[in-house]
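Here the sequence shown is numbered in the working numbering, starting from 50 and rising by one per residue.
Because the hints were derived from the structure by calculation, they are not lab data.
As the structure is a computational prediction, the values presented were derived from the model and not from experiment.
It is possible that some hints are incorrect.
Keeping only pairs whose Cα atoms sit at most 27 angstroms apart, straight-line, the calculated BS3-like set for lysine-lysine is [stated by the list, open to error]:
id, residue 1, residue 2
1, LYS235, LYS301
2, LYS310, LYS235
3, LYS310, LYS300
4, LYS302, LYS235
5, LYS300, LYS235
The following label-pair restraints were derived from C-beta to C-beta distances [stated by the list, open to error]:
id, residue 1, residue 2, range
6, SER239, GLY52, 32 to 40 angstroms
7, ARG260, HIS70, 53 to 61 angstroms
8, GLU110, CYS265, 40 to 48 angstroms
9, PRO276, ARG126, 40 to 48 angstroms
10, ALA103, CYS75, 17 to 25 angstroms
11, ALA220, ALA188, 15 to 23 angstroms
12, THR287, HIS64, 51 to 59 angstroms
13, ALA212, SER263, 20 to 28 angstroms
All residues carry an ideal CB built from backbone N, CA and C; glycine is no exception.
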Amino acid sequence: VAGDRLNLLYWSGSHLTSSEHEHGLCEDEFRRRCSSITSLEMFMNSLPDPHCLADFPNLCELALHVQNIPRPVGLDRLTRLERLCMTEVRLTTMEGIEHCQSLTHLDLSSNSLAAMDARVLGQLSRLRTLWLNENPISAIEGLAPLAALQSLWLARTAISCVADALRCNDALEDLNLSATAIGNFKDIPSLARLPQLTSLALSDPHFGESRVCSLCNYRTYLIFHLPRLAVLDTLAVTNDARGLAEATYMKKKMYYNMRIKTLQR
Numbered sequence: 050v051a052g053d054r055l056n057l058l059y060w061s062g063s064h065l066t067s068s069e070h071e072h073g074l075c076e077d078e079f080r081r082r083c084s085s086i087t088s089l090e091m092f093m094n095s096l097p098d099p100h101c102l103a104d105f106p107n108l109c110e111l112a113l114h115v116q117n118i119p120r121p122v123g124l125d126r127l128t129r130l131e132r133l134c135m136t137e138v139r140l141t142t143m144e145g146i147e148h149c150q151s152l153t154h155l156d157l158s159s160n161s162l163a164a165m166d167a168r169v170l171g172q173l174s175r176l177r178t179l180w181l182n183e184n185p186i187s188a189i190e191g192l193a194p195l196a197a198l199q200s201l202w203l204a205r206t207a208i209s210c211v212a213d214a215l216r217c218n219d220a221l222e223d224l225n226l227s228a229t230a231i232g233n234f235k236d237i238p239s240l241a242r243l244p245q246l247t248s249l250a251l252s253d254p255h256f257g258e259s260r261v262c263s264l265c266n267y268r269t270y271l272i273f274h275l276p277r278l279a280v281l282d283t284l285a286v287t288n289d290a291r292g293l294a295e296a297t298y299m300k301k302k303m304y305y306n307m308r309i310k311t312l313q314r
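With the sequences and hints as input, model every part of the structure.
Next up, the structure:
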């Protein structure tokens, strides 16, 4: 074994002598060493052939950054993989990731994914973290089977509404929808039905603001309608802030009710 396969073993951290570099390894010895590797990180186009990943069947963590991998390949043997990060690799499809059914963490941020593939996500029932930031995704879909999902980040996407897309994700604690096309309050009641949601971001210093953030009384409205929130837009929701939001909301509600009654007379 030599060439790209041997180079990948070297970059995984396995020690190779100068003789092994020059002459390679026999297949059995190569496979023995590969089987001991549980974590692999590749950066800046250092992965010449993604199919070589199949040589590492015991990987638990795999991180690929700034590569040219439009389709996930070489993952069908990685059945023990728990964490997969493929950022800035020019992905156009999620197809191929469904083989990694032990995944608990999946980060496919900064790619060219146009949709959340329901067929793939349906095979990843153990997922607790799903990050798809900075992709041209326009709809939240395929999340119903992910009952264990705790963290969902869809920042800087083309998503314009939530509706009932999260109705089955009762374990969700952390939701980031910063810099999206969400522009009104109509989705807030659906978020209020998530019993574990304690962190919500519609504005994030790293990604930017969603359109809804420019509405009057934005923060007051969200704090009042989401009483379990501990963090809103990366800032802690204090008891004082919650009390002020409740008082402001009730005053405005009373004011507008009075205006309505006056107009009706």
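**Request:** Please write out, lowest number first, the hints stated earlier that are contradicted by the structure.
**Result:** Failing hint: just 6.
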